[in-house]
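Chemist: Model the full structure from these sequences, guided by the hints.
Chains as they are written, first to last, in our numbering: chain A, 4 to 154; chain H, 12 to 437.
Do not rely on the hints blindly, as some may be mistaken.
Stated by the list, open to error - Partial pick of chain A residues on the chain H-facing surface, computed with a CB cut under 10 Å:
| no. | residue |
| --- | --- |
| 1 | Met29 |
| 2 | Ile95 |
| 3 | Lys122 |
| 4 | Ala130 |
I should point out that these hints are in silico values taken from the structure, not numbers from a laboratory.
A virtual CB, placed ideally from N, CA and C, is assigned to each residue, including glycine.
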Amino acid sequence: MKSGKNVIDGQMRILEAVIASIIIFMAFSAAFYFIYSTQNIFAQEAIDLNRLAYNTLHQIAESGIIEKTIEEETGGVDQLKIALQELLPANIYFNLTVNPINPSGEPISASNAPAEAFKKTGEVASASIIYTSKRGNIYHMVLKLTRAGLW
Amino acid sequence: MRSLKQNRRGQLVIIAALIILILMFALVLSISRINLSIQELEYEPVQEIVLGITSDFDRCLTYALSLATHKYNATGGSLEEASRVGNEFVMKWIDATLNSYSNLGLNVTILNPQSGATDIAWLMDWDSRVGVSCVFAEFRLDVDAYGFKGWMSRSLTAVFLNIMRDLIDINRRIVTVEFQIMERKSGSFEPISNLAIEDLRLTLDLTLGGKIPVNIASLTYQGNGIYIINGSYIPKDNIQPAEGVTLSVITPDNNILVSASTSGDEWRNIFLAEDGLVTEAPYIPHGNMFLNPTLSHGQPSRIAVSGNTTRDITLSKTINGTLWLTSASKSVQLNVTIGFTYNSIDYVIGYNIITVTPKVLQPYHLVFNAAQGNYPGDYSLCIPKGSKIFMDITLIQSNPPGAGSIFLYFGYNQKGASYLSSITLY
Numbered sequence: 004m005k006s007g008k009n010v011i012d013g014q015m016r017i018l019e020a021v022i023a024s025i026i027i028f029m030a031f032s033a034a035f036y037f038i039y040s041t042q043n044i045f046a047q048e049a050i051d052l053n054r055l056a057y058n059t060l061h062q063i064a065e066s067g068i069i070e071k072t073i074e075e076e077t078g079g080v081d082q083l084k085i086a087l088q089e090l091l092p093a094n095i096y097f098n099l100t101v102n103p104i105n106p107s108g109e110p111i112s113a114s115n116a117p118a119e120a121f122k123k124t125g126e127v128a129s130a131s132i133i134y135t136s137k138r139g140n141i142y143h144m145v146l147k148l149t150r151a152g153l154w
Numbered sequence: 012m013r014s015l016k017q018n019r020r021g022q023l024v025i026i027a028a029l030i031i032l033i034l035m036f037a038l039v040l041s042i043s044r045i046n047l048s049i050q051e052l053e054y055e056p057v058q059e060i061v062l063g064i065t066s067d068f069d070r071c072l073t074y075a076l077s078l079a080t081h082k083y084n085a086t087g088g089s090l091e092e093a094s095r096v097g098n099e100f101v102m103k104w105i106d107a108t109l110n111s112y113s114n115l116g117l118n119v120t121i122l123n124p125q126s127g128a129t130d131i132a133w134l135m136d137w138d139s140r141v142g143v144s145c146v147f148a149e150f151r152l153d154v155d156a157y158g159f160k161g162w163m164s165r166s167l168t169a170v171f172l173n174i175m176r177d178l179i180d181i182n183r184r185i186v187t188v189e190f191q192i193m194e195r196k197s198g199s200f201e202p203i204s205n206l207a208i209e210d211l212r213l214t215l216d217l218t219l220g221g222k223i224p225v226n227i228a229s230l231t232y233q234g235n236g237i238y239i240i241n242g243s244y245i246p247k248d249n250i251q252p253a254e255g256v257t258l259s260v261i262t263p264d265n266n267i268l269v270s271a272s273t274s275g276d277e278w279r280n281i282f283l284a285e286d287g288l289v290t291e292a293p294y295i296p297h298g299n300m301f302l303n304p305t306l307s308h309g310q311p312s313r314i315a316v317s318g319n320t321t322r323d324i325t326l327s328k329t330i331n332g333t334l335w336l337t338s339a340s341k342s343v344q345l346n347v348t349i350g351f352t353y354n355s356i357d358y359v360i361g362y363n364i365i366t367v368t369p370k371v372l373q374p375y376h377l378v379f380n381a382a383q384g385n386y387p388g389d390y391s392l393c394i395p396k397g398s399k400i401f402m403d404i405t406l407i408q409s410n411p412p413g414a415g416s417i418f419l420y421f422g423y424n425q426k427g428a429s430y431l432s433s434i435t436l437y
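Modeler: Set out below in structure tokens:
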């Protein structure tokens, strides 16, 4: 009878060891999943955002938007904001700062982001470009991007 | 009781596994966070930064050319003043760029490709039938922060204005001018198609001096940058014959001024271009080596051919030419022949034999006795419409023998000295 109990105990140990192995296996599987998928996607997203930011700046430079909005029209910041919204996907928050290279020039900012958007999220891309307008004004433009819903 | 103890022993194994799981997750999170940091650090937007700066340098040169051409016009043709104004803006742009990217350790150098000096090459040639406003520079860039060194690009901005035909009707006081305007951007010529009458200024040039403004009544675009303008003028009291017209154009997009005149000395220069073509275009951008590939024993003859001539070209009895040549390493004797092909038959106008001195750049003056040349039956001293002009440069001998190259120089240096290799047909 005692011998039978020992056999059952032994089987329980084996069963518990199997359960423990399954837990460890699951832990490894989950670990690999996290390492090779989710966080890589986040990292890639940040790089993609940077590329998107540079592409957007180049589009602004090549299309002459700065001349049409800031230099030629009053209230051009709103026009600049509309132009950026057309260039960027809907789920992207942006903040474009245009700094004239001129001591008396005031920086101009166009943004669709809530006040804390760029402080609360870790996924912020920033790109800058220098731009010479057809009127000979030189600007340093800095574009920050983040995805809506990350914070 | 004993059974419970034994069961607890088994549960401890599971608890140990759970602890291992938690530790594993903590470890995984740490590793992945480190991975993320590394990936973020590895992204270096060198390409984007370099292309951004390079493309803005083109815009900078375009605006600098605009400033320079207006200064050139205001000063009555002072290339020195025009260059100074243009250079000032480029220097301002360099300062702005260095300040904007000060965190990247940027190093920007602008070189005049002809002289090698830190300078920019400017050209405003407005006195002939084809006018040109041009700026050219080599742009070198290092980005120390990314260990990126040695980027070099060449930027050329130019506007060409070609007066193709001008008709002055003295009785009706009407002037008709056909012209073509092209700009060179990003390595290709593009027609300017959006001119308005406000962008043009046309004057009638009088033989004894003085100009009469022409009121432009219509401007018609023909395509490919070609326009026809019609205008009228009010003659001055003292009636003088008109010598020709001067047309000035301000490009609407970039505000670059260019001018051309039919009243100056009429020169028809033929040039060797980069691709080996002779062209009637008045100007090939600065630099050398426009005989490409260079002459050597491997290729003892280079023939450069023009496009079809658009009208009969009556020649002088004596055709003069100048080639600025140098040989890389040795004395080279060349035969320079000019002629034309008409109805698939070659006609030789004349030839010269010259000996090019090694390592010394100097002009070699050519004199062709066109009166002794061959011409089609009904023509004499004339290149018929539809011909192709050619220049054949053939190696006769070199000392010492062996492979070598000659270089044909072209354009102006930074002080305005001319290396204008050309042949004047009439």
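Chemist: All the hints need checking, so say for each whether the structure fits it.
Modeler: Hints versus structure:
| no. | hint | result |
| --- | --- | --- |
| 1 | Met29 | holds, 8 Å |
| 2 | Ile95 | violated, 18 Å |
| 3 | Lys122 | violated, 18 Å |
| 4 | Ala130 | holds, 7 Å |
The structure is inconsistent with the numbered hints 2 and 3, although it conforms to all the rest.
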